[in-house]
Amino acid sequence: MEFTKTQINDPEIGPPKTEIGLIGWMKANLFNSPMNSLLTAMILYAIYKVIPPLFKWMFIGSVWSTSGQACNQASGACWSVVTHNFRFILFGFYPYDQQWRPTVAIGLLFILIFFSHYRRFWSKALLIVWLVGIVIMGVIMRGGFFGLPLVESTKWSGIILTLMLALFGLTAAYPLGVLLALGRRSSMPAIKTLSVVYIELIRGVPLISMLFMSSVMFPLFLPEGITINKILRAQVAIILFTAAYIAEVVRGGLQAIPKGQYEAAEALGLNYSQKMRLIVLPQALKIVIPPTVSILISAFKDTSLVVIIGLFDLMKTTQVTLSDPEWSGFSTEAYLFIAVLYFIGCFVMANFSRNLEKELKT
Amino acid sequence: MGQGQSENTPRDHQEKIPFWRDPDKLAIFYQGVALVLVLSFGYYLFYNAQANLARQHISTGFGFLGRQAGFDIGESVIAYSAADTYARALAVGLLNTLKVSLLGIVLTVILGIIVGVARLSTNWLVAKLATIYIEILQNIPVLLQLFFWYTLFHTSLPSPRQSVHPLPGVFFNNRGFYYPLPVYHPVYVWMGVAFALALITGWLLRRWAKRRQELTGRIFPVGWVTVGLAVVAPAVIWAVCGAPTQMDIPHLVGFNFVGGINFSPEFGALLLGLVLYTSAFVAEIVRSGIQAITKGQTEAAMSLGLKPGRILTLVILPQALRIIIPPLTSQMLNLIKNSSLAIAIGFPDIVAVANTTINQTGQAIEGVALIMAVYLFFSLVTSAIMNWYNKKKALVER
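Chains as they are written, first to last, in this note's numbering: chain P, 345 to 706; chain Y, 63 to 460.
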């Protein structure tokens with residue numbers, strides 16, 4: 345009895361050395377069974393085989409600011425393809441000496457995103473600031489006032505086009521999506537049928553077929569003599585497409601609001617639009633913020649599809665760069681660069697959405 | 063619920079409700095307005111389209127389907143030449159879409175389950191690698207991934223004369239991936255029949271084994287017996303019937319390989335890109351499905367003395383499947399829809415063929431309508447099959 349007591353109280357004797365610290369952690373997490381030990385060994389070997397050469401290729405043997413010919417001599421990656429064509433990849437055919445304007449617009453966007461990230465700034469005012477901000481961005485880019493030369497939207501390309509298609513797409517699709525969701529939940533059979541048919545039709549077809557529709561079919565639908573430029577047509581297709589997905593997300597939110605809320609609103613004598621505007625939608629739209637961010641992520645990724653109908657988004661400007669014989673051999677580097685851009689954008693949004701979901705749940 | 067029918071209380075003795083405050087009449091009015099708006103907008107588009115088509119002398123209708131297509135298609139499941147009709151060309155595109163979608167779905171589900179389970183592995187390294195895999199592949203546009211694989215195949219694989227030759231009879235080069243194929247022999251048909259019979263026997267065996275287990279509690283190793291039968295029966299037939307071994311090995315003729323079976327770098331890039339991208343989403347679905355099963359289930363199974371593998375297959379997965387199937391279905395649909403990106407890397411799927419058709423005939427409306435009809439049909443069929451499977455799983459559970 346005495347013996348055990350002294351044993352326990354003895355500060356010198358802790359858990360065995362092999363059960364704590366780095367070794368203990370490794371034992372618990374890497375080598376906790378024969379199978380896992382084998383897996384760990386295999387993965388470590390693969391990492392040893394892959395990472396050092398990759399590191400060498402990316403950094404040690406790489407060149408950063410040379411011409412294409414010099415790249416051929418380099419043993420590693422040719423990042424010059426990115427640094428040399430940096431401004432074309434980002435801004436495309438936007439006039440070279442005016443490219444500070446899209447930079448300002450993107451900066452403005454980042455400021456807005458930064459503030460929206462904090463929930464204490466969430467209010468109706470923020471929504472209005474966003475709408476005003478988007479208009480200001482558009483105005484700065486288009487110009488035609490205060491001595492800023494006019495830049496037609498046909499010249500907007502590169503990352504501007506990518507951001508514009510995604511951002512305007514979601515902004516314009518949102519009200520349409522909410523209307524469709526309300527329509528789908530309506531008790532009026534004609535309106536319900538129209539909404540269901542629209543939503544299911546759009547969700548059943550790929551975005552590319554909508555883009556084809558915009559590029560080859562829309563012109564046929566316009567009266568003689570009226571033409572709309574290609575970017576705007578693609579934008580319309582993306583809006584129509586995104587609206588169907590938003591409608592389904594909002595419908596989920598509407599269904600999650602308890603029936604008592606609807607009934608209480610009716611008991612107060614509110615009519616349909618008051619009931620929705622004042623009671624149901626504010627709660628429903630709050631629930632669906634995380635899935636809406638997911639839709640924004642998809643929209644951001646999906647804008648890359650406009651390459652197929654020949655618009656100059658981030659992907660296309662990269663491909664144009666690569667079609668130059670001087671740089672044609674370095675597609676891996678160029679694609680990796682824009683992959684990193686897309687990844688950062690999507691990853692940040694996805695993380696935000698995940699954290700928000702956790703916060704809203706508790 | 064929506065339009066507030068609760069207000070519509072009978073008030074016979076009072077004055078009649080004016081029609082602009084009667085919800086029932088208002089509902090009819092609103093629906094009428096909506097229908098008139100949609101129909102007139104539709105008619106407006108139709109009218110413009112008619113006028114434009116007439117002005118540009120573009121014919122309408124699906125008459126073009128019977129005419130000669132006049133363009134070649136790189137790869138095809140069925141015989142096709144430029145002299146065939148548009149209908150046949152579109153069928154080739156449709157089959158190519160089907161081919162890549164079916165293969166893609168099978169591979170995606172397998173890979174997705176592996177990565178999803180790996181993410182929950184007790185091995186820290188495995189779990190972290192799975193997380194990195196998921197995060198990277200989910201957050202890069204699938205089109206970019208397709209371009210990446212496509213250019214990688216095209217630039218890093220050698221020309222046919224310097225083909226990579228990893229195994230006898232297998233050649234990789236920038237024209238495609240070539241594998242040997244056994245030369246046709248009637249024995250192979252019988253082997254197929256034997257294989258099918260083995261599967262049917264396995265199914266019957268399973269029913270019998272289940273009944274026996276319920277009656278006596280004795281377990282019969284159905285899985286191993288079925289696999290054994292499916293391997294042994296065709297092998298026996300093959301050996302008995304003279305064991306034909308003649309192979310159709312790809313060989314270089316001029317600038318290209320002929321013989322054997324091959325698939326193009328376009329197909330390879332498309333399949334790889336779609337499978338990697340979609341499997342990242344499937345992995346997340348599998349992970350959240352497994353995590354949704356409460357820990358008590360695992361602990362109960364452990365206290366019954368089941369091994370970890372059995373816990374997964376007998377306790378966790380049957381319950382997780384119910385949660386997994388609906389989002390999994392929508393990922394399958396996404397894969398089918400994303401296969402339309404084939405056009406960007408030059409694989410002749412239905413969209414690519416229809417696009418060529420549109421460019422040649424000018425009949426954009428019919429072309430786009432065909433594309434949409436095809437994908438809608440695929441979506442409906444996939445949903446129907448998965449709904450049936452979902453119902454079956456739900457029934458088994460109760």
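Simulated from the structure, these hints should not be mistaken for laboratory data. If you're wondering where the values come from, they're calculated on a predicted model, not measured in any experiment. Keep in mind that the hints are not guaranteed to be accurate.
To be verified - Think about it this way: if two alpha-carbon atoms lie no more than 30 Å apart in a straight line, the pair counts; the simulated DSBU-like pairs of lysine-lysine are:
#, chain 1, residue 1, chain 2, residue 2
1, P, Lys603, Y, Lys87
2, P, Lys371, Y, Lys190
3, Y, Lys357, Y, Lys369
4, P, Lys702, Y, Lys357
5, Y, Lys357, P, Lys371
6, Y, Lys399, P, Lys574
7, Y, Lys190, P, Lys400
8, Y, Lys455, Y, Lys161
9, P, Lys499, P, Lys574
10, Y, Lys369, P, Lys371
request  = List, from low to high, the hint numbers that the structure doesn't satisfy.
outcome  = Violated hints: none at all, because every hint is consistent with the structure.
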